[in-house]
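Engineer: Residues per chain, in single letters:
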Amino acid sequence: MLNLHELESRWVRYKLKSLIPSLILVLIIIIVSYILLNSYFIYNNSVQEELISKQELPQKEKFIPKQDVIVAKIIEEIILEENKDDQNVSTKLIAQTNIVLEPSLDFIKHIQINSPHYYINKEFQDDKKKVPTKKSPKKVKKVAIAEAIKVEIVEASLVNIKRKNEQNDIHHVIKRFKKTNNPALSLFIAKKYYQLKNYKQAYNYALITNEINNEIEESWILFAKSLVKLSKTDKAIKMLQKYIDNSHSQRAKTLLDTIKSGKLK
Amino acid sequence: MSSNIFINSKNVFLDTVDVKSYVQLDRVSTIYQSLKDSVNKPLKMILLYGKPGTGKSMFLTKLYNDLSSSKIVHLYHTPILDDSEFFKKIAHDLFNVNYQGELNFTQFMKILEEHIIDDIPIVLLDEAQLYSNTLMEKIRLLSDTRKVKFVITLHKTEKEDLIAKEHFKTRIWESIELENASNTELKIYIQKKLMKSNCFDSANMFSTKSVNLIHRLSKGNYRDTNKLLYTLFDIYSNYMLNNPSKINTSQVSNKIIEMSAIQTGLIHA
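Sequence lines, in order, name chains A and B.
So my numbering is basically just the index in the first sequence, starting at one, shifted up by 1.
So my numbering is basically just the index in the second sequence, starting at one, shifted up by 71.
Okay, chain A solo, but in the shape it has when bound (with noise of 0.2 angstroms):
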């Protein structure tokens, strides 16, 4: 006689049993293609990360620290070979010097600030102007003459010096990129003399940076900005077209709008 319970019963465990094949099969099919899956959504996320780093290349490396002690050295020897060449004038002149060059190192931390240098000059000197003017008459009699041709001095010596060092900060870092051939350089003359309104000068520097690494994005802005300020509009609106067709920079879109719109003279 059948045990029908029985057999029912064994026919169940002979059915899972002979699911397992298949449960592994399906299961080694799915971490299979989940590892799969990952492996490609990682390395599209590297490609483009790597697509993002090398358009950022030029903003990162305005703020490489590496960089900026070097120029902050760069500056510190321009101020020692100032104070050399200053040797006549006196010794207190020489202390006040040192502190007028400090705004010179000020503008190379805030170089991402676009403002023009001389605007803060300016301000520095309107202050210093407003010193003695805040001191009553009567003190200033009381102070000798002498020092009142020394606070002249200092004033006027503030100017040049200030002139001197950003032209020289330019030539050094001219030599070292002679040296180097360091894009990073080229763009920061470029973006030097973009400030100091040699626009040509900003145009070359800007192109060789271009030449040396066409990925920077900064460069390439510069480039454009410095044609537009040579009246070559047509001819920057053209390469920024080209530039965004193969870049899709939102920068280099939002400039090109910019200049489009006449905002940028």
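These are computed hints drawn from the structure, not numbers from a lab.
Where is the CB? At the ideal position from N, CA and C, for every residue including glycine.
Possibly wrong hints are sitting among the right ones.
[What the hints assert, rightly or not] Okay, the calculated beta carbon distance ranges per label pair:
1. A:Ile21 / B:Asp86: 31 to 39 angstroms
2. B:Ser92 / A:Ile25: 17 to 25 angstroms
3. A:Ser23 / B:Pro113: 54 to 62 angstroms
Starting from the structure of chain A, add chain B where the hints point.
Structural biologist: Chain B in isolation, oriented as in the chain A frame:
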């Protein structure tokens, strides 16, 4: 559908060698015809071989049934392992000689020479692999006299391929191999077998898919198929009696096929 139908269907697949339940399949018919033709040829020995359950015994029984009316034929389903007993039995059946005491090969040869028969008698030996090598040699010598014709069936085993043995290789004039059924043959076999016993409803329950599953489990072996289907209808009749709502009588369920295979040991669960 009553449980009686399933009980009848179950009995169709009882593992018995009954000529009435012989199913005529195209390939099997061709083989059988060639066997019949071989018997009529002046052959010394005919070998019928194949794996267990391929229908060798059925073939031999059918041949016996078909030839017994016209020829002197003797069928031995069970091997006679003792030499003396074997010769005594054959002497009695073929020549009606009741020999007292031990009958050896030489004495039997003498009896054989004394009895000259025009129509050569045919001896059908089933399960010949059970005979000893010495006895097989003696059978071979007997067949060489051309006074007795032997048709023997052998199991073709993987371990011992008897056809390769020298005494068979040189003396067999005809060897016929029986094989397992194909899917299509198995379907015809099942349905014909059921329809022969008027189990038409049961025969209609077998779709190609279910027959394929049966074939996969039994590998087309007739004996295993019989066992499986016997158990299958046993399960159906049990369900019909105790829990009829659990079964679908219009089609054979794969679950019940597998349950039958578990019960018969074709599936190790």
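Engineer: Work down the list of hints and note, for each, if the structure agrees.
Structural biologist: The hints, checked one at a time:
1. Distance hint check for Ile21 (chain A) and Asp86 (chain B): the Cβ-Cβ separation is about 34 angstroms, which falls inside the suggested range of 31 to 39 angstroms.
2. A C-beta distance of roughly 44 angstroms is found between Ser92 (chain B) and Ile25 (chain A), which places it outside the suggested range of 17 to 25 angstroms.
3. Ser23 (chain A) and Pro113 (chain B) have their C-beta atoms about 59 angstroms apart, which keeps the hinted 54 to 62 angstroms range intact.
The structure does not agree with numbered hint 2 stated previously, though it agrees with all others.
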